[in-house]
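J.: So you can see what is in the structure, the chains are spelled out below.
Number of protein chains: 10
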Amino acid sequence: MPDTSLLEVFESPSDAPFVIEHTSEEFTSVCPKTGHPDFGDVTIIYEPRPAKDGGICVELKSLKLYYQSFRNEGIFYEAVTNTIRDDLAGLMNPAWLVVRTDWKGRGGIKSTIRATSGDVPELWLV
Amino acid sequence: MPDTSLLEVFESPSDAPFVIEHTSEEFTSVCPKTGHPDFGDVTIIYEPRPAKDGGICVELKSLKLYYQSFRNEGIFYEAVTNTIRDDLAGLMNPAWLVVRTDWKGRGGIKSTIRATSGDVPELWLV
Amino acid sequence: MPDTSLLEVFESPSDAPFVIEHTSEEFTSVCPKTGHPDFGDVTIIYEPRPAKDGGICVELKSLKLYYQSFRNEGIFYEAVTNTIRDDLAGLMNPAWLVVRTDWKGRGGIKSTIRATSGDVPELWLV
Amino acid sequence: MPDTSLLEVFESPSDAPFVIEHTSEEFTSVCPKTGHPDFGDVTIIYEPRPAKDGGICVELKSLKLYYQSFRNEGIFYEAVTNTIRDDLAGLMNPAWLVVRTDWKGRGGIKSTIRATSGDVPELWLV
Amino acid sequence: MPDTSLLEVFESPSDAPFVIEHTSEEFTSVCPKTGHPDFGDVTIIYEPRPAKDGGICVELKSLKLYYQSFRNEGIFYEAVTNTIRDDLAGLMNPAWLVVRTDWKGRGGIKSTIRATSGDVPELWLV
Amino acid sequence: MPDTSLLEVFESPSDAPFVIEHTSEEFTSVCPKTGHPDFGDVTIIYEPRPAKDGGICVELKSLKLYYQSFRNEGIFYEAVTNTIRDDLAGLMNPAWLVVRTDWKGRGGIKSTIRATSGDVPELWLV
Amino acid sequence: MPDTSLLEVFESPSDAPFVIEHTSEEFTSVCPKTGHPDFGDVTIIYEPRPAKDGGICVELKSLKLYYQSFRNEGIFYEAVTNTIRDDLAGLMNPAWLVVRTDWKGRGGIKSTIRATSGDVPELWLV
Amino acid sequence: MPDTSLLEVFESPSDAPFVIEHTSEEFTSVCPKTGHPDFGDVTIIYEPRPAKDGGICVELKSLKLYYQSFRNEGIFYEAVTNTIRDDLAGLMNPAWLVVRTDWKGRGGIKSTIRATSGDVPELWLV
Amino acid sequence: MPDTSLLEVFESPSDAPFVIEHTSEEFTSVCPKTGHPDFGDVTIIYEPRPAKDGGICVELKSLKLYYQSFRNEGIFYEAVTNTIRDDLAGLMNPAWLVVRTDWKGRGGIKSTIRATSGDVPELWLV
Amino acid sequence: MPDTSLLEVFESPSDAPFVIEHTSEEFTSVCPKTGHPDFGDVTIIYEPRPAKDGGICVELKSLKLYYQSFRNEGIFYEAVTNTIRDDLAGLMNPAWLVVRTDWKGRGGIKSTIRATSGDVPELWLV
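Here the protein sequences come in this chain order: A, B, C, D, E, F, G, H, I and J. The letter at position 72 of the first sequence is residue 72 when you use this note's numbering, and the numbering goes up by one with no holes. Remember, this note's numbering sits 126 above the position in the second sequence when you count from 1. Remember, this note's numbering sits 252 above the position in the third sequence when you count from 1. Remember, this note's numbering sits 378 above the position in the fourth sequence when you count from 1. Remember, this note's numbering sits 504 above the position in the fifth sequence when you count from 1. Remember, this note's numbering sits 630 above the position in the sixth sequence when you count from 1. Remember, this note's numbering sits 756 above the position in the seventh sequence when you count from 1. Remember, this note's numbering sits 882 above the position in the eighth sequence when you count from 1. Remember, this note's numbering sits 1008 above the position in the ninth sequence when you count from 1. Remember, this note's numbering sits 1134 above the position in the tenth sequence when you count from 1.
Zero decoy hints are in this set.
Some chain C residues judged to face chain B by a derived CB distance under 7 angstroms, without partners named:
no., residue
1, 278
2, 280
3, 291
What the hints contain is simulated information worked out from the structure, not anything from laboratory work. The structure presented is a predicted model; accordingly, all values stated were derived computationally and were not measured. Even glycine gets a Cβ: it sits at the ideal position worked out from N, Cα and C.
All chains should be built: construct the whole structure from the sequences, respecting the hints.
T.: And the structure:
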């Protein structure tokens, strides 16, 4: 079950704005309709708030373990994407955040879901 | 015959706006003029309304079955594209919806048809 | 249902040996286990017997119609491949024949089946 | 736990030799050393014995379910490969069988394991 | 109608063996079954006999005009290939000759036909 | 330990604005969480101030030695990127500076971090 | 310093011959001549002896740690390659073993070193 | 030593604006820090002034000889780029000029330097 | 007119066998039939005889001038190829020689002509 | 002037046969005919004799300096290739050695020269 307690953070190393992008190519969950496994890539892009304003970053190994907690969860693509967006936005309160999931074909259909938090610069929307 | 009763929905998992894209690479129908089968890709991109406003999403396996209901239907490319747009817009009442069909060559001619519903952001128009 | 009566032939235009290769990228049949449609490419390669020995070739439009007769047939990949091999070998009695089918992913699994008739030169086996 | 009872077979559709290749791009198991998930592609290539000699083929959906039974199993790459080879060779008694697994990077190391059963023609060894 | 009187030749410039390859990417004829135009590439490869033995070569502009004489001819792929082979082999009496035609998709089917004359070295057979 | 004393500079050879880009494909540091080595590409792009205003450039071999001083340092991706940005901005006081780090997969996750100093033209932001 | 005590093994899972290939894209050591770091890919390919004859395999995480023990070692490319060959051949006594190292450019020169143990099938020599 | 006396010019052949681009893939100079040779590509793009306003173009063979005069010169990348920009801008007084140098890896670092003269249209800046 | 007096040679620098390959991408002659220019690549590959046996090599700039002497010559592709073969074989008396010409499209037809002298190893025949 | 005194060697690290390949992409010398610089890639592949038989390897940095000693030497491609072969074969007395030089276009002509020493396995000849 998606477990936010696995997520760890560390203080942003800077007061200056900077942009972080992490792409996992090994995400898997389970389709709640058919019970078959789903496989996809999960990309997050975000700008932490300045360190002086309490800006924090998600630690990479804990992010991997958090993703692994979806492994046997029955959950739709759309809910995976919004859950990750809500969990990470809640955890880090970033200046802005993009979550994009790209799913392998299922019944001949490939899917991409995009969710955002805050005011994302247009550069990062596609 | 295209059968909208096959389509199932689920409540949008979020009040925040997000964008969903599904591409089927296994669509086939029948040309009403020649009786020969047509083959194409069908892509839909849409933004559901917020959950609190009754926003809903189309379920993926039901979408596959709905597409399969065109299998032996004699119908032009243009009608396929508009039918899917009308059926999905009527079903989900999304903030906006794009339907794009890309057809394999027939007599040396390849075709692409695009139809939309609502106010589609420019980013998704191509 | 696969219908060999659709197949038409014409006399080989030559007494000299030559090699014919036809690849259809629009083959579809139905999985007998799940009822879902399958999509694949079908390639045949063959050498007709000399005209003086009654060598014949399959006519291309009739081959297309024969392939279309599988459209609503519930039949495994392996049987599709062997059926086409048997039907065409029986029809044309060629010097040799290769049938290769390449199937799109089904449940995340892509498949290729190869069947032959007669003594195929090694050049054409892959 | 790898469950061979999930595997179903059907009688080979032909007395003539032919070659079957299935590639799954969605295999996952668990590393017994670290507890982290492993991801890989699994390819099997085999020639069933003639139908008249009791030749049989593995059914594709059952093969998918069998692969899914490794999902939460702690097992090394080498054992995955040999287990699939042993299970399928035991099930089908094919003329010959190749199993190849290609694993995504783990700690910066990518791996490929190849196991065979019977007398595999050189064409299929790489 | 294919018109061999358009073909012109010139004496081979050498007694030593050498190999000539011409590929036309602008061949068109008409399907005798449907009346629709066919489009393809035509490649010929041959070794003229030594000049001292009366070896001759086909002149390139005349070859182009000869190919253009098929433009409104209703003729199967197989017959095009064998006709060109027969016409050029009869004209030049080369040491050996390969004719290969690659046809664009017709009803979703792409075709390649290969015909030869004389003892073609294996190097030139594919 | 990152050692800015290794960095050497030379006076900008021009009063006119110009743009310098250096990409190192051999950066390595150590993950402070797991103790395992990290590998990445580090790109810097900057515009030195005019020579008449004291503009300076970083010398390339000294930049290599500075990068090598991270070799056995336990430090997060985000801190590597901001440290390089701070060290180089402090050293050179450039008109503007972009630092981009692209990290190889770690636990199936690839990362890119971007930090800037000064008013970077949009052309250089992606 | 290269530390073979880091290497762990497990019993081969099979009496049948099979082939294992591991490629590390994150190898680094130090040039003993210049003191600068070297970066390369290390590939090993081997066939374990049958389990019944005491055949064993190297465990992947321990292999990674063994490679990491070269990180600060001053050692030539040629010695890296032969050391890994000797250490792994001594550890596993495999039927045969190939070690190939591909090094990034150093002073404009790229290098590849290949070493073997036992009677390597020609298929695996390049 | 860079020798501008080698450069020859000719009158622009037009009063209309036009754009000239020359790319040399065989530039070499010497690193003033290490004494080792550097290798790079040098691209110049410029618009001559109208002929009626005294516009002139640099002659190509003289440009090659001018580049060759850097062969044994100890000079930084940045100075090479600005020297060429200054020499050519001084020689031709063009409407605008871009000089871009792309240097092969040195110590694992690849570099690109861009310098301009006059008001360069954005199209030519990257 | 092809002018062999332009060709210069120098003594082979070795008694050991070695192989020389020169490819000109700027050959042009004139079609004797239409008067239009032809453009092609000319490749020669040869092994000089040992220096002690009087082995000689063709000098590269003189080869370029010799090729340029075909510029206004009306001559067929086949004759170009055999003339170069005859001229160079007569000049150098090499152990063996290959001449290959690849001609750009003329009337939609691309051509390749290959001629040899002496006993060419199979490796160099394609 | 090519200076073999720059070359340094070290004892082969193994009694077992192994293969070493070094490719320099930054070789330059001067054409003795025109005085213009030549640029090329130089690849050497060799097998040192066993350490117990006095086998030695060339050290990489010294190889780079040796190549740099050709920088201002007027010398033909053929002589460069044979000189490097003779110098390295004389220095190391390897089991076998291949030297291949690939030269950039000069007057529109690209060249490749190959020289060998000892009995080179066919695998390494191309």
